[in-house]
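Let the hints inform the model, and build the full structure from the sequences given.
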Amino acid sequence: MTCRLPSLVLSSGVKRLIDELKTAKEILSSVNEDEPWPTVDESFATSLCSDELLKHSSPQVRILVACCLADLFRIDSAAYLLPEEKVKDLLLFCMDQLKMIAKPDLPGYFDAAYLLENLSTSKTFLRFLHLDDCSDLLFRLYKLLFSLCTDTLDERMWNFVAEIGVDLFREVGIIPVEVMQLVLGHLVQKEQGKGAKHRLSAEIIHRCEDTLQSSILSAFSTALFGAKSLTDWFAANTYPIFVEFYRVNSSLAIAILPFICQNMKSTNDDARLETIRFYSQLLIEPKLNVAADNPQLWHSFLGRFHDVSPPIRQCCIRVSSTLMLSRPELADDLRNALESRTSDTDETIRFEVLSALLRVIRKGSISLMTDRLLSAVKVRTLDKKFKVRREAVICLSNFYKRLASSSPDDEIDAKYGWIKNRLLYSFYNPQVEDRLLCHKVLNTSLVCHSSPTEERAKKLYNLYSSVDDRALKVLNTIFFGQAEARTLVLHIIDLHEAEQDATHQNDLLISLKKLSEVWSCSYKVTEEMQKLFCYVCCDKEAKSYLRRILSLELLKSEVDECVDSLLSKIGDSCSAAVRSTARELLEWVAPVLIDGQTIDFLVQMVEKGLMESASSPQAISRHYSSRSLTMLLVLSYSFTKAFCSSNTAQGVLTILQDPLEEPDAIAAVHLVSNVADMFNNFHDLKSSLKEELEQRLLAHVPKQTKFVIRTFHRICGDDEFSEKFNQLYAEAFEDEAVLPSSLRGIVEAVSLRPQFFREEFENTVECARALIDKNEVRLSRYCHCYSRIYFQLDADADNISFVTTVVACFDFFGRALIRLPKERSSTVDSCVQLLSSYLTLDKHWTSNLGASEKDQLRIAAATALLKLSFCEQTTHISSALYRKLAYLLIDKSKEVREAILSKLSKYFKTARLSVTFLAAFALAPLLSDVSAVEKTKFVEKVEETFLESVQHRRNLIRRNPAVQSNRRVFLGNLPEYCLCYAIYLLSYYPEFVNHNNDGMLRRLKNCLWFAIKPLTDKKDGSCINVTFIEQVLVALKHSTLVEEPKDSEQNKKVWALVDLTNLLLCTKMISSGNNVPISTGVPKRFFQPAFPVGANSKSYLPRSFDAEMKNARMKLQRSAAGNMSTISAMTTSKLASTIDGKPSSVSTADSKPIGEFGHAETTGASETSKDD
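Its first residue numbered 1, the sequence shown is counted upward by one per residue in the UniProt record's numbering.
Keep in mind that a hint or two might mislead.
To be verified - Below, in silico cross-link-like pairs of lysine to aspartate or glutamate (EDC-like), each with a Cα-Cα straight-line distance of 20 Å or less:
hint: 1; residue 1: K387; residue 2: E329
hint: 2; residue 1: K543; residue 2: D560
hint: 3; residue 1: K1068; residue 2: E1049
hint: 4; residue 1: K909; residue 2: E736
hint: 5; residue 1: K894; residue 2: D829
hint: 6; residue 1: K123; residue 2: E163
hint: 7; residue 1: K378; residue 2: E433
hint: 8; residue 1: K935; residue 2: D1017
hint: 9; residue 1: K690; residue 2: E723
hint: 10; residue 1: K99; residue 2: E33
hint: 11; residue 1: K884; residue 2: E1043
hint: 12; residue 1: K686; residue 2: D718
hint: 13; residue 1: K1098; residue 2: D998
hint: 14; residue 1: K686; residue 2: D719
hint: 15; residue 1: K641; residue 2: D718
hint: 16; residue 1: K703; residue 2: E736
It should be emphasised that the hints constitute simulated quantities derived from the structure, not laboratory data.
Below, the structure is given as C-alpha cells:
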C-alpha cells in the first residue's frame, strides 16, 4: 500500500474532518480483506474509536466513521486496531448509522449504502454471536433490519439486508424467542406498507430450513399441545404462521404434519381438540393441500369423527360442510363419516350433522347429497328430540326445494318422491311444534307461497296427486284445520262485538281454548291470544285487516299486504309475545296458498286432467285425475268463498258434465253441492246446472242423489225444492230398482228442511217397513218350493232383489228413525225389533239365502242400529240388543267382524258413539273357531283401533272445554268409563257359566287387561286415571244388574270380574295420587245400587287367585309409605279383607246413576249445579 491514512484532527473543523474521513474511506475500501496491513497507524484507529467522533453532532461525520469502522472490521490484519472492550459499542454504532438507508434524500445516503454493502459482504454482525448479551443484540439488529425494509427501499439494498438476516440465522445455534417472534410476526402481517418486511421474513425462512426446523417444531409443539410457555402472541397466531410456512417453505411445514398426527391420538381430550381445530383450519385453507401431503394424518382426522369425546366429534362435523364445498375430492370420505354420525347417541352431534348437511344444501351443492345420506336424514325425521327432527325436516325440505327449481317434476317423483311423503309425515310426530313445522314446510318448500300464481297452483296440483294416502291425509287435515281455525277466529270477533254478559264470556273463553287446541294443541298461547283479540277488536283498522284476510276474497298479494299491515300495528302496540302469537296464528289462518286465481288454475288443470285420463288407458293417469278432483273437493270445504268467479263456475260445471267413472262422478256432484251458491250469481250457468242435475236425478245413483238434493236446496226456492221431493216420494215404491236412491234423497231433503215434509217422511218409514214384510213373504214362498228345480232361477233373482231392497230400507232406517218425533216411538220400536231379528237371521225362510247375502243383511241391520245409537237419549236399544251388537265383533263370519270393526272405528273417529261401544273391543281375545294366525292379526287390528279411539276421545275432551263442563257428556266420552261396560259384556259371555270357573276367569282376565292396556298409553300426553277406575269398581261391587237383580249367579259373575279388574290394577299399576277426582256412577240401564258401601267386601274369585292377591296386597303395603291416594289405601284394605275374610268399611265419593249408554242423569237442579 502506498497511501497512508490521514491523521484525524478534531479541532480543525467539521469540513476538514469530513475530507479526512473520506480520504480514509477511499484508502480502506481499496484494501482487500486478506491483504496484510503494512503500516501501523494506531493513532488513526484510536481517534476513530473516540467518543468525540462516535457522538459527533454531524450525521455525515458519523456515517463516514461507521464506513471506516466497517472496513477495519472487514480487513483481518487491521481488526486488532479496534479495542476489544469497544467492539460491541462500535458494532451498535455502525448498526445505528444504517437507519440513513431509509432517507435517500439526505447527503449521507450513498455512504450508508456503502456501509450496508460492506457489513453484508463482510458478515461483520456475526461478531454478535461471540458477545455475552447476544440475544438482545440480535433482537435489536433484526428489529433494525425489518425497519429498513420499506416498499421504497432499493432492490439492491434489500438484498444486502436479506443477506445479513439470513447469515445470522444460519450461524446462530439457538434462535432467541424474541427474534423468532419478530421474524414470524412480520411473516403473518401482510397489511399495506409491510410487504417488504413479509418478503424479508419469507426469505429468511426459505433459506434457513435446516436451522429453523428444530426450533419451529419445538415452538409449534409448545404452542399447540404444551403449557404454552411461549408468548401469548405465538400461541394465538399458530395457524397463520403455519399457513405462511406452507407457502414459503412447504417442506418445513410438511415436516410438522407427522407431529400433528401423533398429537391427534393423544390421550388428553384437550390436546386432541386443539389439534383437530388446528388441522381443520389447514384443511379449509384453499392454497394448501395437507390431506394429500399426509394421507395418514387425513385418515387420523376421519377417525376423530368417532372420538369418545363429544366436543371433538362436534368439531370435526362442523368443519365437514366447508370441506365438502371447497374440496370435492374429499367428499366421499366426509359423507361416510357424517352418515355414521347421524345415529350418534349424543343429540347435539346428530343435530350438528344435520346442520352441516343443511349448510351444504343451502349453498346449492345438492349433488353432494347421496341417496345413502338422504336416507340417514330421513331416519332422523323420527328422532326422539324435536330439535333434531326439526333440522332433519328443514334439511329435506331445502333439498327438495332446490331440486324442484332445477329438475322436472317427473324426474323428481321417480327418484325423490318419498321426500314429499316424509316431510308431511312429520305432522304425525307427537309435539305441537312438529305440526306447525309441517305446515310451514308446506307453505315454503313443497308449495312455495311466494311463487307466481300459476306455478303455485301447478305445484299444489302435482303435490296432491303424487303423495301417498298417509301424506294425503295430512294435507286434508291441514286444510280442514285452517278452515276450522278461520271459523273460530271469526266467531271470537263476533263474540267481542256482541253485548257482553256471562254467557258470552264463557263462550268466548271456550272458543279461545278451542282455537289454541286447533291451531297449536296447547293452552299456553291462550292468554296471548286473549290479549291479541282484545287489541284487534278494539282497533277498527286492525279488525278490518283481519276480517279481510279471513274473507277468502282477496288475492295473494292483497293478503300479504293486509298481513304486513296488521303485524305492523300489533308490533307497535303489543308485547313481543303477543306479536309472535299473532304471526304464528296468521301463518295458520291466512290463505297464503289459495286465492280465487289459484282456484281458477286448479279447476282448469283438473278439467284437463280428467279429459286426458278419459282417453288414456294408463291407470296412473286416472289415479292422478281422481286425486286432483278430490283436492278440489277438499278445497271446496276449506276455501268455499274462493270459488267465486265465472271461470271457476264454468270449469266446475264442465267437470260435472264430463263422462266420469262412478267414484269421480260422485266426487264431482259432491263438489258442486259445496260451491252451489256460486251459481246463483251466474243465471245462464245456473240453468245449465239444473238441467245436468235433473239428468243425475233420473240416473238413480244413491250416493249422487244425496248431493243432487243438497245442490237443489241451495239453488232452488221452496216450491221448486218441494217439487223435487214429491218426485222422489212418488217414485220411491213404484219401482224397487229406484228405491235406494229415492230413499237416500228423501232422507237428505228431510234433514235439510225438516219442517216441510214430516207427514210424507213418516209415511215413507211405514211403507219401507211394509215393503220388507212383503218381500219376506215372497221369499218364504220360494223357500217352500226350493226343492223344485224350475223355481231355482226365479229364487236366485228374487234373493238378489230382496237383499238389495232390504239393505236400502235398513240404510234408510239408520238415517230416518233418529229423526222421527217421540210420538212415533212405537214405529221406531217395531223397526228396531225388525233390525234386531236380522242380526241373527234365524227365521225359516233365510235358508234360501247364501252366506254372503246373509252377511250383507246382518251388516246393514247392525249399521242401522249403531246409527240409531248416535242419539244420546235413545231408549230403543235394549240391554240385550246392546250385547248382541257388541258380540258381532267376534262373529263367526269374517266379513261381519271386519265390517263391524270398520264401522266402530269410523264412528269413534267422528265421536258419534259414546264409550259404551268402546267396551266391545274387550271381546276380541275371545274370538274362536279361526286359525291362530288369523286371530292374532284380528286382535292386533282391534288393539290398534282401540288405542286410536282412546287417543281420539281424550283429544276430544282436551280440545272441547264444553265437554269437560258437562258431567253427562264428559262421562260419555271418558275412555276409563268403558271398563264398567266391558265387565257387563264379559259377564254375559255364553261360556262363562259359573263365577268360580278358574279357567274361564283367566281367559276373561286377558280380556280385561286388553281393555285396560290402551288406557295406559301416554302418547297423547294423558295417563290412565286409576283413582277414577277404582271408584267405579267400588260402585259396581255394591250394585246389581237391573235386568236380573235376583239372579245371584249372574251378579256374582259381575262381582268376580270386578275383583279381577281390581287385582289387575293392583298388580300392574299403582295410582299416582295426582289424578283429579271425578264424581262417578254406574250406568243406570245396566246396574242399580244394592248395598251400602263396604257391605259387599267378600271376594268372588276362586281360591286359586289367593297367591296373586297376597302379592298385590304386599305390593300396595310397601308403597303405602309413599304418596298413596285415599282410594289406593282403600284398595289395600279391601284386598286385606278379601284374603282375611273380614269385611271392611270403605267410603267413596258420591255416585250417581248414569243414563242410557254412559250419559249421566240428574234428578234435580241442585244436583245438576253440583255436577257442573
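Hints, verified against the model:
Under the criterion of a C-alpha separation no larger than 20 Å, the hint pairing K387 with E329 is inconsistent with the structure, at around 31 Å. The hinted pair formed by K543 and D560 meets the criterion: a straight-line CA distance of about 16 Å does not exceed 20 Å. A C-alpha spacing of about 28 Å is found between K1068 and E1049, which places the hinted pair above 20 Å, so the restraint is violated. The suggested pairing of K909 with E736 is violated, with an alpha-carbon distance near 34 Å, which exceeds 20 Å.
With a CA separation close to 29 Å, the supplied pair K894 and D829 exceeds the 20 Å bound. Between the alpha carbons of K123 and E163 the distance comes to roughly 9 Å, so the proposed pair stays at or under 20 Å and holds. Taking the CA atoms of K378 and E433, the gap is about 18 Å. The hint holds against a cut of 20 Å. Proximity of K935 to D1017 is assessed by CA-CA distance (about 23 Å); at most 20 Å being required, the pair is judged violated.
For the hint linking K690 to E723, the alpha-carbon distance of about 13 Å falls within 20 Å, and the restraint holds. Restraint check for K99 and E33: not satisfied, since their Cα atoms lie roughly 25 Å apart, outside the 20 Å limit. With a C-alpha separation of about 15 Å, the suggested pair K884 and E1043 falls inside the 20 Å cut-off, and the hint holds. Restraint check for K686 and D718: satisfied, since their Cα atoms lie roughly 17 Å apart, inside the 20 Å limit.
Using a Cα cut-off of 20 Å, the hinted pair K1098 and D998 holds, with the two alpha carbons roughly 17 Å apart. Restraint check: the Cα-Cα separation between K686 and D719 comes to about 17 Å, which is no more than 20 Å; the hinted pair holds. The suggested pairing of K641 with D718 is violated, with an alpha-carbon distance near 24 Å, which exceeds 20 Å. About 17 Å separates the Cα atoms of K703 and E736, which keeps this hinted pair within 20 Å; it holds.
Checked against the numbered hints given earlier, this structure breaks hints 1, 3, 4, 5, 8, 10, 15; the rest are met.
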